[in-house]
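Mind docking chain B on chain A? Use the hints.
Protein chains: 2
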Amino acid sequence: MSNSAAIERLKNQFQDRCVTTDAMREQYSQNEAHHTPVRPDAILFPESTDEVRQIIEVCRDTQCPVTAYGAGTSLEGHIVPVRGGISLDMGRMKGILAVNQEDMDAVVQPGVTRRQLNEDLRATGLFFPVDPGADASIGGMAATRASGTNAVRYGTMRECVLACEAVLADGRVIRAGSRSRKSAAGYDLCKLLVGSEGTLGIMTELTVKLFGQPEAVSSAVCGFQTLEGAVQAVIETIQMGMPVARIEFLDELQLRAVNAYSKMDIPERPTLFLEFHGSENSVAEQAERFGEIASEHGGLGFDWATREEDRNRLWRARHDAYYGVKAMWPGKRGYITDSCVPISKLAEAIRETKAEIEASGLIAPMVGHVGDGNFHLAIMIDPDDPDEMKAAERLSHSIAERSLRLGGTVTGEHGVGLGKIKYMEAEHGAAYGVMAEIKRVFDPQNILNPGKLISLN
Amino acid sequence: MSNSAAIERLKNQFQDRCVTTDAMREQYSQNEAHHTPVRPDAILFPESTDEVRQIIEVCRDTQCPVTAYGAGTSLEGHIVPVRGGISLDMGRMKGILAVNQEDMDAVVQPGVTRRQLNEDLRATGLFFPVDPGADASIGGMAATRASGTNAVRYGTMRECVLACEAVLADGRVIRAGSRSRKSAAGYDLCKLLVGSEGTLGIMTELTVKLFGQPEAVSSAVCGFQTLEGAVQAVIETIQMGMPVARIEFLDELQLRAVNAYSKMDIPERPTLFLEFHGSENSVAEQAERFGEIASEHGGLGFDWATREEDRNRLWRARHDAYYGVKAMWPGKRGYITDSCVPISKLAEAIRETKAEIEASGLIAPMVGHVGDGNFHLAIMIDPDDPDEMKAAERLSHSIAERSLRLGGTVTGEHGVGLGKIKYMEAEHGAAYGVMAEIKRVFDPQNILNPGKLISLN
Numbered sequence: 084m085s086n087s088a089a090i091e092r093l094k095n096q097f098q099d100r101c102v103t104t105d106a107m108r109e110q111y112s113q114n115e116a117h118h119t120p121v122r123p124d125a126i127l128f129p130e131s132t133d134e135v136r137q138i139i140e141v142c143r144d145t146q147c148p149v150t151a152y153g154a155g156t157s158l159e160g161h162i163v164p165v166r167g168g169i170s171l172d173m174g175r176m177k178g179i180l181a182v183n184q185e186d187m188d189a190v191v192q193p194g195v196t197r198r199q200l201n202e203d204l205r206a207t208g209l210f211f212p213v214d215p216g217a218d219a220s221i222g223g224m225a226a227t228r229a230s231g232t233n234a235v236r237y238g239t240m241r242e243c244v245l246a247c248e249a250v251l252a253d254g255r256v257i258r259a260g261s262r263s264r265k266s267a268a269g270y271d272l273c274k275l276l277v278g279s280e281g282t283l284g285i286m287t288e289l290t291v292k293l294f295g296q297p298e299a300v301s302s303a304v305c306g307f308q309t310l311e312g313a314v315q316a317v318i319e320t321i322q323m324g325m326p327v328a329r330i331e332f333l334d335e336l337q338l339r340a341v342n343a344y345s346k347m348d349i350p351e352r353p354t355l356f357l358e359f360h361g362s363e364n365s366v367a368e369q370a371e372r373f374g375e376i377a378s379e380h381g382g383l384g385f386d387w388a389t390r391e392e393d394r395n396r397l398w399r400a401r402h403d404a405y406y407g408v409k410a411m412w413p414g415k416r417g418y419i420t421d422s423c424v425p426i427s428k429l430a431e432a433i434r435e436t437k438a439e440i441e442a443s444g445l446i447a448p449m450v451g452h453v454g455d456g457n458f459h460l461a462i463m464i465d466p467d468d469p470d471e472m473k474a475a476e477r478l479s480h481s482i483a484e485r486s487l488r489l490g491g492t493v494t495g496e497h498g499v500g501l502g503k504i505k506y507m508e509a510e511h512g513a514a515y516g517v518m519a520e521i522k523r524v525f526d527p528q529n530i531l532n533p534g535k536l537i538s539l540n
Numbered sequence: 084m085s086n087s088a089a090i091e092r093l094k095n096q097f098q099d100r101c102v103t104t105d106a107m108r109e110q111y112s113q114n115e116a117h118h119t120p121v122r123p124d125a126i127l128f129p130e131s132t133d134e135v136r137q138i139i140e141v142c143r144d145t146q147c148p149v150t151a152y153g154a155g156t157s158l159e160g161h162i163v164p165v166r167g168g169i170s171l172d173m174g175r176m177k178g179i180l181a182v183n184q185e186d187m188d189a190v191v192q193p194g195v196t197r198r199q200l201n202e203d204l205r206a207t208g209l210f211f212p213v214d215p216g217a218d219a220s221i222g223g224m225a226a227t228r229a230s231g232t233n234a235v236r237y238g239t240m241r242e243c244v245l246a247c248e249a250v251l252a253d254g255r256v257i258r259a260g261s262r263s264r265k266s267a268a269g270y271d272l273c274k275l276l277v278g279s280e281g282t283l284g285i286m287t288e289l290t291v292k293l294f295g296q297p298e299a300v301s302s303a304v305c306g307f308q309t310l311e312g313a314v315q316a317v318i319e320t321i322q323m324g325m326p327v328a329r330i331e332f333l334d335e336l337q338l339r340a341v342n343a344y345s346k347m348d349i350p351e352r353p354t355l356f357l358e359f360h361g362s363e364n365s366v367a368e369q370a371e372r373f374g375e376i377a378s379e380h381g382g383l384g385f386d387w388a389t390r391e392e393d394r395n396r397l398w399r400a401r402h403d404a405y406y407g408v409k410a411m412w413p414g415k416r417g418y419i420t421d422s423c424v425p426i427s428k429l430a431e432a433i434r435e436t437k438a439e440i441e442a443s444g445l446i447a448p449m450v451g452h453v454g455d456g457n458f459h460l461a462i463m464i465d466p467d468d469p470d471e472m473k474a475a476e477r478l479s480h481s482i483a484e485r486s487l488r489l490g491g492t493v494t495g496e497h498g499v500g501l502g503k504i505k506y507m508e509a510e511h512g513a514a515y516g517v518m519a520e521i522k523r524v525f526d527p528q529n530i531l532n533p534g535k536l537i538s539l540n
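Keeping their order, the protein sequence lines are chains A and B. For any residue, its number in this note's numbering is found by taking its place in the first sequence, counting from 1, and adding 83. For any residue, its number in this note's numbering is found by taking its place in the second sequence, counting from 1, and adding 83.
It should be emphasised that the hints constitute simulated quantities derived from the structure, not laboratory data. Hints are supplied without guarantee of correctness; some may be wrong.
Where chains are identical, the list cannot tell them apart; a pair therefore holds if satisfied intra-copy or between any two copies.
As the list claims (entries may be wrong) - Computed list of lysine to aspartate or glutamate pairs in DMTMM-like fashion (alpha-carbon distance at most 20 Å, straight line):
| # | residue 1 | residue 2 |
| --- | --- | --- |
| 1 | LYS292 | ASP133 |
| 2 | LYS473 | GLU375 |
| 3 | LYS437 | GLU298 |
| 4 | LYS292 | GLU242 |
| 5 | LYS409 | ASP218 |
In isolation and in its complexed conformation, chain A is listed as follows (with noise of 0.2 Å):
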């Protein structure tokens, strides 16, 4: 089906921010990973809940697939536009709309970023916590279920959204959820459209829970001597109910890339960065545990960062972790794989893999967020070698098939995007058809970022 008469439409409703050129739309077809581009007809780029209601009633009336685009971080295609269309810039939505000190809550619109919102809360003494590396929009965060480093203590998007305004396929305006901090009325509509990759609905405002910042923080390096002491130790530290903020692992190539990338001079072992947070007392005792904790598992001792710049230096080199990776083997594209199982099948599930890497000849370093049981590689690959990408995606494969196996899912935190949809019927078995069955009642003409999460035929 031709776009032709929505772009007429809309070219003639928002004018320049109806955007045709090739350029742009080479821009919009593209995403960070390994997915094949593909261009959108136009891109729009709405600066209200109302006008991008006005956008979606002219791709209801005309059939035509909107693809809603945040910050361009995600990692599962899910802003590639595969049946073209109208790419949804929400970028120009950006609005902090209310910060509710006394109830710890933000208002924002979805084109805020992650680091545009603590910014403006530096002088509240107040921090939003999912952070998963890239700046990304919160919008495109909630869409995607995003969590990051921070989630082990603070929860991921599915615990911090607590209420959000979506514009639905057709046309309504919905607000799901609200500010008090519990509810019980009714079904968890909110929690439906977080993690729906904009496939239900287009997120224009979210109301998300804020903390407040700890009056204590540390950060800690610790290698280890083993990857399975490293993961022993994230195991019991977790078991033993520790409210530690971060605990990520880094294995020694993903380190070395780090290390040249950032100039660090980390030793290139399996690796723990750590973070607590709390009163100073609570901080030093996390502290003190962890560390008989790691000298039982091989831990090989702290390098410690109290002084704000060093810590965020050194999470900035976490954060920096694939970039590292990219700029090491230059001309390579990442493969990212994205695998959480229940924490007690994490050794296991790491240990296997490490044994496939090896096996297959692959670089691909590893990082996790292991406190939830989470961890990706970036393998590397040169997107033009056949053979390259093939090896890539049967270790992708056998990451997915072992964290069902074990447990687990297929996406910790990525999403389903293109990437992981083969797998959802595995996953969820009936449920997934379930899944088929809501997408059909809240987007009967399959509009709404159609091809990803669900495929409906």
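For chain B alone, kept in the frame of chain A given last:
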């Protein structure tokens, strides 16, 4: 429509586990609250998921209503089978199927009660935190999205149910969620079922989060000169991010009933019951900090309970608050209200409510899970006195409207059931229409707990 065809088939299949005696039908017609009793045609006692499936298939084929029944402790008429049919008593599905100590989760059948689970967990060092007071079933608690005294620290059933199995209205058995701590794999059907009050499916298995039993626990009772002072102390405690485990408000009248029923002698003032969980140091630190906050707001000093038996006695008394009220005003029934507002609005909500109680002349002791912005009245009425009933309805209505005006919800934790259905449109607006569409997809014949949460006509 007659349900005799269904009953006949079920009698044949289930024999003496399909009960149709008058005495039993009478027993299952009632609930703990003030709703008008309605008898089911039969009570069924399934012992497995497959038996639930068989029953649902009969009900599907005969369009016979099915109302799930847990421990019978819900407060909004959820278990009153308003259109007759089957009361499905899940009480024989009491198996604790797995306790995964390393992963800190448990897999249970829906009839397991929270006390049963915690008894079973005693030796493991773990506990299940959600505690609505009554010894409710885990299935019922999930269905109504229950919470209670511990929610301020450990979350509600929304946060604590990781996965579930459910039988849908057409007999399909689905599994939603997984044992991994996070997932971005598609629509969150588990969170959609939690809080759906048996209207979308019958939960037949639940995976719930467990937590480490705290190393140290200390409880305290702290009276205040004024209600405002007590509420302000709560607000500041929450805002400073203190991980208090319980922070419960009782007014003078409620304390009088507690003292009489539980043979305690707590001074009859606006009072907070508190509990701190953590390491020895952290508990001491929390208590000290709370003490400073309290003394700024007219706190009259603590009465400490650190010995386990004293703590148990205190919380037993708190849990028996409603029984205390019933004992103090024999012959009356409690009309229970349930308001939850953003914590910045809590003082206003409580102050206005108190003034209305005063003006109404009703007896209405107040308790509150004030750390979440949630409070309840037990309005004591003579069910045979229509004037008193009307006055209670007026007061309850005013509380519900105020909750919405202040950005809150008409039900923090008791659910919608019969009592709150009339506010759903006001609370959710267009989103309530979407809930109805979801209900129609899951249950097109409206056989699952019809008349609750959603009005389909």
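Requested in this report: Since the copies are identical, ignore which copy is meant and state whether LYS473 and GLU375 lie within 20 Å (CA to CA) inside a copy, between copies, both or neither.
Outcome: neither (44 Å within a copy, 63 Å between copies)
Report task. Could you place LYS409 and ASP218 in one of the four classes (within, between, both, neither) given a Cα distance threshold of 20 Å? Result -> Intra 18 Å, inter 56 Å, cutoff 20 Å: intra-copy only.
Query raised in the report: Checking LYS437 and GLU298: alpha-carbon separation at most 20 Å within a copy, between copies, both or neither?
Result: Neither, since 39 Å and 37 Å both go past 20 Å.
Query raised in the report: When no copy is specified for LYS292 and ASP133, does a C-alpha distance of 20 Å or less occur within a copy, between copies, both, or neither?
Result: Close neither inside one copy (25 Å) nor across copies (41 Å); limit 20 Å.
Query raised in the report: For LYS292 vs GLU242, is the C-alpha pair at or below 20 Å within one copy, between two copies, both, or neither?
Result: This pair counts as both: shortest intra-copy Cα distance 8 Å, inter-copy 14 Å.
Hint check: violations occur at hints 1, 2, 3; the rest are consistent with the structure.
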